[in-house]
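Could you put the whole structure together from the sequences, leaning on the hints where they help?
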Amino acid sequence: MTTSDDDNKKGLSRRSMFGAAAVAAAAIPAFSAARAQPVGRGEGGPINSTSLGGGLPPQGGTGPIKVLFISSYHAFDRENLFRCWDRMGTDISWTHVEHPAAEHFFDPALAAGFDVFLLYDAFAGSRMVTGADGRRTRVSPPPSKKLQADMKRLMTNGDKGFVFFHHALASWVHSWPAGVNGSNAYVEMMGGAADWGTPLKNLRGKDYPNSGYRQGTEQRITVVDKAHPITQGLPAQWDMIDETYLCPMFEDSVHCLTRTDFMPTADKFMMAPNSANVGAGHEPGSNMTSWVKTAENSPIVYIQHGHDNNAWSNPYWQKLMLNSIKWAASPESKTWAKANSKRIFV
Amino acid sequence: MSKSDNKSGLSRRALMGGIAAAAGTPLLAHAQMVRPPALPQGMNPQPPRAMQGGVGKTKVLFITKYHNFDRENLFATLDGFDDITWTHVEHPAAANFYDPELAAPYDVLLFYDAFAGRTFERQSDGVIANQENAPTPKQKRDFESLLKSGDKGFVFFHHAVASWAHTWPEYREVIGATADWGKPIKNVRGVDYAASGALPNVQQRVTVVNKSHPITAGVEDFDIVDEAYLFPVFEDSVIPLLRTDFKPVDSAFPLRPLTKGHPPGSNLTGWVKTAERSPVAYIQHGHDNKAWANPAFRKLMSNAINWAASPEAKTWARANPKKIF
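Protein sequences, first through last, are from chains C and E. To convert, note that position 26 of the first sequence is 26 in the numbering used here; the numbers rise steadily by one, no gaps. Numbering-wise, the numbering used here comes out as the position in the second sequence, counting from 1, plus 346.
These aren't lab readings, by the way, just hints derived from the structure by calculation. Hints should not be assumed to be uniformly reliable.
[To be verified] Cross-link-like lysine-lysine pairs, in silico, DSS-like; alpha carbons within 25 angstroms at most:
#1 C:K66 / C:K268
#2 C:K66 / E:K484
#3 E:K486 / C:K66
[As the list claims (entries may be wrong)] Estimated spans, in silico, between C-beta atoms of each pair:
#4 C:E332 / E:P483: 32 to 40 angstroms
#5 E:V401 / C:Q237: 38 to 46 angstroms
#6 C:P199 / E:A475: 50 to 58 angstroms
[To be verified] Just some of the chain C residues that point at chain E, by a computed CB distance under 8 angstroms:
#7 S72
#8 A101
#9 D115
Just so you know, these numbers come straight off a predicted model, no measurement behind them. Note that beta-carbon positions come from the ideal geometry of N, C-alpha and C, so glycine has one too.
What follows is the structure in structure tokens.
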């Protein structure tokens, strides 16, 4: 060990980041204005939340919108994200289910108690198997016939809203059967796909190398549809520190709400965390960071932001998510989805 | 925004990669020699102490809701159990997994769901009201079938003893006890009880009273700081494993006036029993991280899960079935 903890903290603390930011701010006026916006404090690790008297909102919320929160297969800072949902607790009541248990809730009978599906389930449909040699490899079998039928029925019923965010874009990307346009129907439902460890094959007839990810990226987000209910109460622009992706997004099939000033090109992902040259050889990506679309008769939202507490503690991210949940639960979004239904599942 | 500023967002691992690349030597070699710089606060979740959800062979369905708890520390405790893979489901979604078909992929159902059956609704005046709901006919049928199948192990701990306390008398016979710290419980085997007692942060000495059971293997008598209860326990229907030196009498709970008049309780804090053809374990300990971080608690819980999943426990339960429904 060559450095003390103190030295390490000094070397990379948020304070020093903002010190650096201040220097940059002096040189670039626009940056200065952006920095004045609140940025999350970004608490990180396990937190003791036992205390009921500490001003914490009740766990699970008590609001009228019933949200089914689906996660699994990708580690995340659980307590801080759960607290985000708890803080929305006057608007939502949320229930956590993890895969593989979560798959059952696409059955309309089990979905009946919920208004909105909130998906944060990277890699649904893939699992690790241990071979005879003890080596663990990832396999991606297709969804069961029942799950396929449930999904189509639920989407066609049009009485639920779906909010996907961040790494949910990596679920079922290798194995969901083709839909009416001949391409992975689950990916068509979301409007994009990502996998940072396995190349994506045959999406709309194209193969892609591993997707790129880049954590801790400072970005300025611009609202491109100021009239949509999901962007209400947001400034025209705001700054965030979050993980960005380089991956296929179907610009022609979604209604874009926000874009980032970080243009995702492979060169910027070369030194991504974990030292993997993720995104290598990938064509330049879209800078969309949120959109709405329809799948069958159902309203769909995708928000790319939300890797960790840097995003989750950003008030604009929170606003974006709550607006998305409210919109997905609203009669307006259902009416819109039915009027603009999109056949996807065969 | 100047792109050079993005460098301040580089993660620990990217930095390590940079260090390794600069040295032109394999990353791992350097990882052992160079302490990675600390992460900026919040730049990442803390490096997980174990893989979230685990990768062990015993499949555990972990059921919670309706009682706040220190989520991350309990989750991390489960992550640390090498033998299990666990899946979290909350009520009301969780009650679907009483259905044997949905429960099929799991070996053990692990319950930490105080007040299952209770719903909280925000009224138009803003007041949050709670209501005790009876299980649906399907939930009752499902749970009964699941217990009768004898295919699953059941581990209940701490406040899970309060689920369905007012609306499902058979449920308390499954666990071997019941509790509600907020209101009296009527007609528990014909007796009405005052509200249960709960006292946090009690320094206790716990005695292992059955040293030959697999659940207490490797566990000596231990000290623990944990919440203690006064509640109806069916001593005559369970096999005792653990007893605390805390004396559960109503006068020990001065801040809980509703507990006054409760008869002196059992000092049992761990037992096994059968319910229909299934093995059941109950561990009273486990309010917060003071308990979860206690090596004896961790060993007990891990043993209880492994036992509940074992062929031995199922064979024992089938040979000693207890008719409840």
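Now for the hints, and whether the structure bears them out:
Taking the CA atoms of K66 (chain C) and K268 (chain C), the gap is near 40 angstroms; set against the 25 angstroms cutoff, the hint is violated. Between K66 (chain C) and K484 (chain E) the alpha-carbon distance is near 22 angstroms, which keeps this suggested pair within the 25 angstroms criterion. This hinted pair checks out: K486 (chain E) and K66 (chain C) have alpha carbons roughly 24 angstroms apart, not beyond 25 angstroms. The hinted range of 32 to 40 angstroms is satisfied by E332 (chain C) and P483 (chain E), whose Cβ atoms lie roughly 37 angstroms apart.
A hinted range of 38 to 46 angstroms holds for the C-beta pair V401 (chain E) and Q237 (chain C), which are about 43 angstroms apart. Checked against the given bound of 50 to 58 angstroms, the beta carbons of P199 (chain C) and A475 (chain E), roughly 53 angstroms apart, stay inside it. For S72 (chain C), the interface hint holds, since its Cβ comes within 8 angstroms of a Cβ in chain E; the closest pair sits about 7 angstroms apart. Because the beta carbon of A101 (chain C) sits about 5 angstroms from the nearest beta carbon in chain E, less than 8 angstroms, this interface hint is met.
Taking 8 angstroms as the C-beta contact cut-off toward chain E, the hint placing D115 (chain C) at the interface is violated, the least distance being around 13 angstroms.
The structure fails hints 1, 9 (numbered hints given earlier, in ascending order).
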